[in-house]
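Visitor: Same order as they appear, the protein sequences are chains C and Z. Numbering (my numbering) for the first sequence: -19 to 440. Numbering (my numbering) for the second sequence: -19 to 440.
No lab work stands behind these hints, which were simulated from the structure alone. A virtual CB, placed ideally from N, CA and C, is assigned to each residue, including glycine. Don't take each hint at face value.
With a straight-line cut-off of 27 Å between C-alpha atoms, the simulated DSSO-like cross-links for lysine-lysine are [said to hold, decoys possible]:
1) Z:Lys405 / Z:Lys369
2) C:Lys158 / Z:Lys132
3) Z:Lys118 / C:Lys158
Short, incomplete list of chain Z residues facing chain C, as computed with Cβ under 7 Å [what the hints assert, rightly or not]:
4) Arg165
5) Tyr168
6) Gln170
7) Glu171
8) Tyr172
9) Pro269
2 protein chains.
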Amino acid sequence: MGSTDMNSSSALNVAVVGGGLVGSLEAILLAKRGFNVELYEAREDIRTLEHVSGRSINLALSVRGRAALQLVGLEEQIVHDGIPMNARLIHSLSGKLSSQPYGKEGQFILSVDRRLLNETLLTEAEKYPNIQLHFSHKLLQANLDKGTLVFKKEDGSEMTVQPDLIIGCDGAYSAIRKQMIRLGRMSYSQEYIPHGYMELCIPPKEGKFATRINYLHIWPRDEFMMIALPNMDASFTCTLFMPFAQFDQIENEGETAGLDFFRKYFPDAIPLIGEKEIKETFLKNRGLPMVSIKCSHYNYKDRVLIMGDAAHAMVPFYGQGMNCGFEDCVVLEELLEKYNNDFAKVLPAFSEHRAPDAQAMCDLAMYNYVEMRSLVNSRWFLLKKKVDKFLNWLMPKKYIPLYTMVTFSRIRYHSVIQQWKRQDKFVEKALFYLMCVPAASIGVFMLSYFKPSTFSWLRK
Amino acid sequence: MGSTDMNSSSALNVAVVGGGLVGSLEAILLAKRGFNVELYEAREDIRTLEHVSGRSINLALSVRGRAALQLVGLEEQIVHDGIPMNARLIHSLSGKLSSQPYGKEGQFILSVDRRLLNETLLTEAEKYPNIQLHFSHKLLQANLDKGTLVFKKEDGSEMTVQPDLIIGCDGAYSAIRKQMIRLGRMSYSQEYIPHGYMELCIPPKEGKFATRINYLHIWPRDEFMMIALPNMDASFTCTLFMPFAQFDQIENEGETAGLDFFRKYFPDAIPLIGEKEIKETFLKNRGLPMVSIKCSHYNYKDRVLIMGDAAHAMVPFYGQGMNCGFEDCVVLEELLEKYNNDFAKVLPAFSEHRAPDAQAMCDLAMYNYVEMRSLVNSRWFLLKKKVDKFLNWLMPKKYIPLYTMVTFSRIRYHSVIQQWKRQDKFVEKALFYLMCVPAASIGVFMLSYFKPSTFSWLRK
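Chain C with its partners taken away, still in its complex shape:
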């Protein structure tokens, strides 16, 4: 795929700041194009760290993320290492379970382990002679005009580099982005939501999954919500979403308040998680914040680019954070190909193409923040989902449910919103008429029954 000679001594140097999911994937793609890639990661090599107590933040891999993994030949392996989830499984307060498929027969999202995925990408990156991985390199300074980066190494010494291109994949609290905000006329927003999150674990039961496996479990409770995703080790990772005020209240109410809260709102989850684990988790941990970050553009001149969470962190309610970040890599790859690696053209084009899409995805994730907590409970919403499905069956190309467009297509996110709004209006109208027609018929029937004279004109 690379149009540049991989062994060319005049190959350009690219520094990727951040060796997380997007950073390590992007490093591979750049190496495939023949660039000399230096990847700097502040933490130690996660592959050398001991495993942390069977718990991990789960990710839901879908079409956009898979498209990027395909480019580096890792799709099959990662899919093999994940657990398909075909549907949401809604846990009602009474313990009743009901499932809502994510898409059509055979469509699923994949529960993948963040750490395993990251490790796989790093190991793949190491296979390229033109990628150097530098762990325990903490970014101290970035001068984007000069294009210099200063890192602090593990031994405390400092190191300055001046690559031809800097790619900031340093996450939601990106230091590269901070410098860009300082220099350019960059519009920027960060929005913290009033909810925090806390993780709990459903351990395996006699070595097997303690509850149904191929689902994303949801306990929607309007103001609160809990979800659970299956892990390869037969455990589930639960994430409780709740307003910070509620976290504080539970903390103030004392030792058993967390368990009491579960008894009231998630009784069927108690035997799965265990009373002890619930109690202890509330005593040990506090709610963690979630932030949505939008930028007007992602490049600084032809020297610097931010990608992934550094460019567009989003609240986790659509499971698109990683997928969107991975799709960044696909878009950049396409633009490098189109403009023959000319950064002066590629970087502004990336901003122009990608910013409206990533901003749209941030908005959709915020929308799902409401939908997941409450709408999945509402009858009107469920009715609309059914109409959605029916219309999609009727017009499979013209009418595509929102979730399908986001998760199972590569339709640009900003187009997704446009099409969704058109469709939504149509459905609302259709439902209205569908409900009006029988209502009107009943009315006409009753009137004609009691006051036949009114309808004499019908018999004319």
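Using the hints, position chain Z against chain C.
Guide: Showing chain Z alone in chain C's frame:
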């Protein structure tokens, strides 16, 4: 007004960071309440600097700003030092002038000199024994949890203070706000608009104002706009607003491009400003950026508060930046009084009360960014303004034009938006019906003229 003994040795210490308009006014108000106030300003004392070439950024003082100046007994003096502007004076491309009054007879906004106002406030502050002014004190570090500030003094030495309360009045690029963003879960947005601004000067003509004085002159040209405000020295300060792309184009086109641009769009301003001044200004200066800044809250615990542009910078198209900042001081004064100087109650209450209002004002300023450039040119807009005026005459208490609510009242900004939306809907409807009735009458008349039979039922 102060409820605390001014000479009490146990008086609390307040550090005000920033000695601009809001900082110096707030220092006075806090001193009046008996606090020990230390004001730190990064620049030199502006009163000791030489006057800069007759030019100055003008401000339009109105009711909200005056309310604050009244609290410190300076309203009369400042009004005396300003120039009333009773109306907009619209300069059409052909040079035709038309005026649009700002309010009712006798209502005006005041063109005041930023520097003079700032100097007056500093001189007033100096009269209080419990205010210490520290110029050339640059903030190096702020630890908001400990409540410590480190300043660099003129001689290069450093100084650390730990006041009971920190008030950040350090402007749109506030260092105090940056620390707050880092610490708290603070939602924040900064939006740069595609327009930049550039100042030009209309010098006095034979010692007198070169054009009509008691007006805010506007040259609306859709994509561009120029305004001019009168100064006390008989000059006018012009501000040209234009997309950065246009500034760049003029810069690239060469020496006379600026003047050519004026010939095309602002021909009647050329004799006022002078060809030489226009040419030189374009060669010397570049477009300067404008930013709109919103925060979810303004306090950090009971220790830190940001006010003015630090809390809510806005684009300058409603002339409310200073007025909104000064009104912050009035609101804080009211809350200190209400909660008897208890910071733990006052600071969160200030955030809760003021954030929705200042955010609303930022939105209104952004709205006027469009209105000033183009709407003042549109007939529909002018018609609506007339209907506005008529309805206000009819129902003076129930129907108040938007500009009047913002500029000539102290109705809370967020209520202003609510009321405006209600009113606007009403006017649109009223205009629609007003135009439908004659249209329908004409239609009926014409039909009955050509096809009298159609209306035979009328004669039944």
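Visitor: Hint by hint, note whether the structure agrees.
Guide: Against the structure, the hints come out as follows:
1. Taken as a hint, the Lys405 of chain Z and Lys369 of chain Z pair is honoured in the structure, with Cα atoms around 16 Å apart against an allowance of 27 Å.
2. At most 27 Å may separate the alpha-carbon atoms for a hinted pair to count; Lys158 of chain C and Lys132 of chain Z meet this at roughly 24 Å.
3. A hinted pair counts as satisfied when its Cα atoms are at most 27 Å apart, and Lys118 of chain Z with Lys158 of chain C qualifies at roughly 22 Å.
4. Because the smallest distance between the Cβ of Arg165 of chain Z and any Cβ of chain C comes to about 4 Å, under 7 Å, the interface hint for this residue holds.
5. Annotation: interface hint on Tyr168 of chain Z holds; nearest CB of chain C at approximately 5 Å, less than 7 Å.
6. The interface hint given for Gln170 of chain Z is met, as the beta carbon of that residue sits about 5 Å from the closest beta carbon of chain C, less than 7 Å.
7. Hint on Glu171 of chain Z holds. Least Cβ distance to chain C is approximately 5 Å, under the 7 Å limit.
8. Interface restraint check for Tyr172 of chain Z: the shortest CB-CB distance to chain C comes to about 4 Å, inside 7 Å, so the restraint holds.
9. The restraint placing Pro269 of chain Z at the interface with chain C holds, with a minimum CB-CB distance near 5 Å, inside the 7 Å limit.
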